[in-house]
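Heads up: the protein sequence lines correspond to chains A and B, in order. Last residue of the first sequence: number 290 in our numbering, and the count goes up by one each step with no gaps. Last residue of the second sequence: number 290 in our numbering, and the count goes up by one each step with no gaps.
Just so you know, these hints were derived from the structure itself, not from any lab. One or more of the hints may lead you astray.
To be verified - Listed next, the in silico SDA-like pairs over lysine to any residue satisfying Cα-Cα at most 25 angstroms (straight line):
{"#": "1", "chain 1": "A", "residue 1": "Lys127", "chain 2": "B", "residue 2": "Lys36"}
{"#": "2", "chain 1": "B", "residue 1": "Lys23", "chain 2": "B", "residue 2": "Arg166"}
{"#": "3", "chain 1": "A", "residue 1": "Lys127", "chain 2": "B", "residue 2": "Gly216"}
{"#": "4", "chain 1": "B", "residue 1": "Lys127", "chain 2": "A", "residue 2": "Arg220"}
{"#": "5", "chain 1": "A", "residue 1": "Lys127", "chain 2": "B", "residue 2": "Arg166"}
{"#": "6", "chain 1": "B", "residue 1": "Lys36", "chain 2": "A", "residue 2": "Gly169"}
{"#": "7", "chain 1": "A", "residue 1": "Lys127", "chain 2": "A", "residue 2": "Gln90"}
Protein chains: 2
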Amino acid sequence: MMFEQLGLIGCGLMGGSFALALKKAGLVKRVVGYSKSPATTERARQLGVIDAQAPSALLAAAGADIVLIAVPVASSEATFQSIRPMVTVQTLIMDVGSTKNDVVQAARRGLQDMVSSFVPAHPIAGKELAGVDNADADLYRGCQVILTPTEVTRADHLQRAAEIWRALGSRVVQMTPQAHDTTFAAVSHLPHLLSFAQMNAVCGQSDGENFLALAGPGFRDATRIAASDPSVWRDILLSNRTEVLAQCQLLRDQLQMFEVAMQSADQAALQALITQASNARAQWRMSAIA
Amino acid sequence: MMFEQLGLIGCGLMGGSFALALKKAGLVKRVVGYSKSPATTERARQLGVIDAQAPSALLAAAGADIVLIAVPVASSEATFQSIRPMVTVQTLIMDVGSTKNDVVQAARRGLQDMVSSFVPAHPIAGKELAGVDNADADLYRGCQVILTPTEVTRADHLQRAAEIWRALGSRVVQMTPQAHDTTFAAVSHLPHLLSFAQMNAVCGQSDGENFLALAGPGFRDATRIAASDPSVWRDILLSNRTEVLAQCQLLRDQLQMFEVAMQSADQAALQALITQASNARAQWRMSAIA
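Chain A with its partners taken away, still in its complex shape (with noise of 0.2 angstroms):
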């Protein structure tokens, strides 16, 4: 399994890192890049993560035996549009993106009936410094990858997909695009939404600088990810929405379990809800490979 060449298009962190992490494994021998800012692919030439500069997402899919998607979500019909004359059944199509339904959606649309050239692809990996300065070969070590194919996914270009991410070093897990979007939903989105909504809260206050002077630890960690990059997860949380917000209802439920047994002061019902969250929490353990 050896590709002539990659057509990146996005050379951020995501796809800069699979573009370095390819050549590291020897599996491609040249890499054609473009991002929608020209100083992000030049940026991305500098750094060897591409070795050429397209001017188009048209034109980095050009005789490219694979390419990678791995702009914002929103973006992503736009692009399968403009690369789709260049597209062949050979073509070996791949996201990065965090939702799958919507890039299943723009799939369909905007490769049409090419659409079984595209393997949509979620590597649960990121670093808390986006860009191509940041990018690194080893990202996707460790980490899991799933696939969503659809029914009209080419069974050969989903073998292949799962055979590059595994010698990346990646755990590949295969479920729907609807499933990945509840579970992602549940365990990613809602939990990025509540950091956003648990820093607008205390910064909303008028003493909100004196309590984050305060602030420790536990807070430190439940709000890491509120940081994230904003443009992005306004994509992730609107494509994602119907998901998201069935999960918010559910976080809201619970809540409100929480709040009854404060306000009538029930020991027994609060430490039974703080058991069961402990409990789980404590056995829990991040997949990862050995």
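Please arrange chain B on chain A, whose structure you already have, making use of the hints.
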């Protein structure tokens, strides 16, 4: 500033670490300890955290010139009451509780005229693993300690309390019990509550186990504090419930702004909300001693 005898009531992580730190700093000659569980007191002696075991809180306080009460906040009043006969105006009494209004009230009732000897203290420190086995002479190094004296607190005791914590490497901050409780409802108690509610919301779903298996570093950090000790947190949430419920309402208001923006697919509003949170979190740095 050298103490003859520390009476340690509650030989867990917080109390045990204080005893070890005081010894390491050469600030105390001997430590007499008492815990509700005789096994804990025995273990504390085996570990050298205390030098002698007392069969009661009263006898742990007997002959002590400094008393540290490190019991669950709900047990504060009973503890103050039981040591009252051994307390003089010369005895410096401190606690390490995470709420202060209720502890101050408990001290008024329990210590009566000796309440002037009590300096309410809350060191912002802790560990995942509780218990005397995890006691650590350096637990308080580099952390903040909030002292919340009242109008009856003796100035000389307050002064000595501040000196002790500084000698242990902590940064001392002084505020009213009420300001303390509002602050920590916002930056500690509500984050814990949200973390508990998040765990329960995920686990309460039929696919909860599958969701958890795919959760990544964002979830790990956002829910880390959900593994906290249930009895300790039941007490904290109950004893500070007025403030916690008020903070919870502010959080609900913020959540609703996000929900409305998602429901109406209002990109600009959502981006503004996230940007506010992201900037605030990116600029925030946890206070630490240089």
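Going down the list of hints, with the structure as the test:
Straight-line distance between C-alpha atoms of Lys127 of chain A and Lys36 of chain B comes to about 46 angstroms, which puts the hinted pair past the 25 angstroms bound. Straight-line distance between C-alpha atoms of Lys23 of chain B and Arg166 of chain B comes to about 14 angstroms, which keeps the hinted pair within the 25 angstroms bound. Restraint check for Lys127 of chain A and Gly216 of chain B: the C-alpha separation of about 12 angstroms stays at or below 25 angstroms, so the hint holds. A hinted pair counts as satisfied when its Cα atoms are at most 25 angstroms apart, and Lys127 of chain B with Arg220 of chain A qualifies at roughly 14 angstroms.
This hinted pair does not check out: Lys127 of chain A and Arg166 of chain B have alpha carbons roughly 36 angstroms apart, beyond 25 angstroms. At most 25 angstroms may separate the alpha-carbon atoms for a hinted pair to count; Lys36 of chain B and Gly169 of chain A exceed this at roughly 51 angstroms. Taking the CA atoms of Lys127 of chain A and Gln90 of chain A, the gap is about 32 angstroms. The hint is violated against a cut of 25 angstroms.
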